[in-house]
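Q: Spelled out, the chains give:
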Amino acid sequence: MAKLNLLLLLVLIVCALGLVTSQHESRKLFTGLEREQERARALEVEFGQLQLESSTWGLHSRVEKIAAGTLGMRAPDPRRVRMVEVHGEQKK
Amino acid sequence: MSAASLPMMIRLPAWRARLAVALLLAAFVVLAGRSVYLQSMDTGFLQGKGEARYSRVLEVPATRGRIVDRNGEALAISTPVKSVWAIPEDVNATPAQLKSLAAMLSLDPRELGRKFAEGEREFVYLKRQIAPEAAARVLELGIAGIHQQSEYRRYYPGGETMSHVIGFTGVNDTGQEGIELAQQAVLAGAAGSRRVIKDRLGRIVEDVESIRAAQDGRDLTLAIDSKIQNLAFGALKAAVEAHKAKAGAIVVLDVRTGEVLALANMPTYNPNNRARLTGAQLRNRVLTDTFEPGSTLKPFTVGLAIETGRITPQTVIQTSPGALTIGSYTIHDSHAGGNAGGAMSAAQVIQKSSNVGAAKIALSMPREEMHDMFKRVGFGIAPRLGFPGEAIGRVREAKTWRPVEQATMAYGHGISVSLIQLARAYTVFARDGELAPLSLLKTGVPAEGKRVFSPEVARALREMLESAVQPGGTAPRARIVGWRVGGKTGTAHKQENGGYAAHKYVSSFVGFAPVSDPRLVIAVMVDEPSAGQYYGGLVAAPVFSQVMQGALRLLGAPYDAPLSPIELPGEGDEAKENT
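Going down the list, the protein sequences come from chains A and B.
Using the working numbering, read the first sequence as starting at 1118 and increasing by one per residue.
Using the working numbering, read the second sequence as starting at 33 and increasing by one per residue.
Just so you know, these hints were derived from the structure itself, not from any lab.
Treat the hints with care, as some may be off.
Among the chain B residues that face chain A by a calculated CB cut under 10 Å, a handful are [what the hints assert, rightly or not]:
(1) P112
(2) G191
(3) G582
Okay, derived cross-link-like pairs now, DSS-like style, lysine-lysine, Cα gap no bigger than 30 Å in a straight line [said to hold, decoys possible]:
(4) K81/B x K1145/A
(5) K276/B x K536/B
(6) K392/B x K431/B
(7) K407/B x K392/B
(8) K278/B x K1182/A
(9) K482/B x K431/B
(10) K1145/A x K230/B
(11) K1182/A x K276/B
(12) K1182/A x K269/B
(13) K1182/A x K474/B
(14) K407/B x K474/B
(15) K392/B x K482/B
Note that beta-carbon positions come from the ideal geometry of N, C-alpha and C, so glycine has one too.
Based on the sequences and whatever the hints tell you, model everything.
A: So this is what it looks like as structure tokens:
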């Protein structure tokens, strides 16, 4: 009887330690998850800022100025434009 | 020891000892009972106390939705910033620290000192909405009593080009103007909160529960096409500056879907830097201002007369001697000299913009019918775009019209409309007789219209309006290479102190293209051009043609006109009109 009790006590201790370990593990993982989520948020913010930047650099007025000024581009003469129709698609 | 030395023992009554024991026992019973109660019955109390040691409720911030144009280009984005604030009582900084603090926040040191000196205030913002890195540097100074808080700031890459459509938000991230205000409910997010367990180092180790999920604001896709918008704004700005005008406005509508592709105003402002804003800059004239449209209303009068079978486009109307007297009022034609013949067809009334002709046509119809037609094309009715402060305009009750008023209304005097109402009304001609519903948000599908004129009448009007931009019409400068356009000029005297101002005009042009299958309606209005020219055909029509040419190219609309360059008539050759 005493032997069985001793055995059960041992099992109990192992179980308790296991519980503690797994709890610790789960918390560690959760901290990791939290960190990744934080990173995701930061990336989201950065995405917004980059979008803002791309919008600012890609401002039509700026593109137009560079195209016309620095690159010497201009809209083609309508006589040199050929319209093509896409077949099988509703004409727009 | 002292008791032992007492010569005589004092005998206390036995009940006192028993009472003391009983009281002690009773106290234990109470304690035991309380602990049983706390442990097994009122369990929440102790658990709550325990949790308070490690669990925290965190706010989960929500971001305001983005605003993008129809092609997904960002027009308004929120990005996190920090606000630096202080509790003046707690601030205890050395003069050197104060100096570097002032430099970092680019504040005047004296002003900073004043902020701290305001004794009765417990909370003072030092600087709102600065870059997170800048706020971090401020906190590194380590001055007690200085804190930061996270906020969102909204940026508008389009700047002054888009400001009147989009509007802006205040410091508290709520919409103040434009779409930001109109769509506040959609754009605004709702901050949430959650309960977590934090460890000794402040790291979150367990998510206990989500009290309220954060709801990010939804993104909004506008009907605006930023390329066309930029084109429209640029052309309008150039015209307003060239003609030294007080203000100007332009709106571009997609005929099929009723979407507003561009909407711009002058003067404007930069929503990213709103210091020294005036009311004039904020005004969205396209939507909130009304004006007497002048001649741009003539096609509706003629259209109604044709629709009801009273005239045909060929009906001859006698306009000589270029004036028509009704009661004590005389209606004049400004171009009578150039066209002394005086007998013109209904189509020529539009082409030459004859006031007398339009008045005569109007007087052949009952006033109720005209009133009804004005209402059906949307005048005197809010356009219901869901925009703050939309003007309704003024169309008086038919029974109050005197004959002379009915005659002047035929050419757009005595009635007031907003530019967007005018542009929308022209969709009737562009859409074969149907009035398109408008939308500021992208719909992308053809909209169902309301029939006003029959398709035959609308097409006949289109032909007439095309002749108005031909040589001999009032606006040859509205023509473009490659596409047939149609439209009408307006040059109206401004109303002032109950009368008409002699030398103040509103020049306008409304038109559509391509005539064979209209895609766009563009309405331009220039308020008080004062550099010499004021005719709609000279001031507003060139803006129209510039924007129309570029926009049709962007849309890839098929050509329907010969591609030869347009020869502009010499100065003075154009038919002038005075309404």
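Q: Of all the hints numbered above, which does this structure not satisfy? Sort the numbers upward.
A: none
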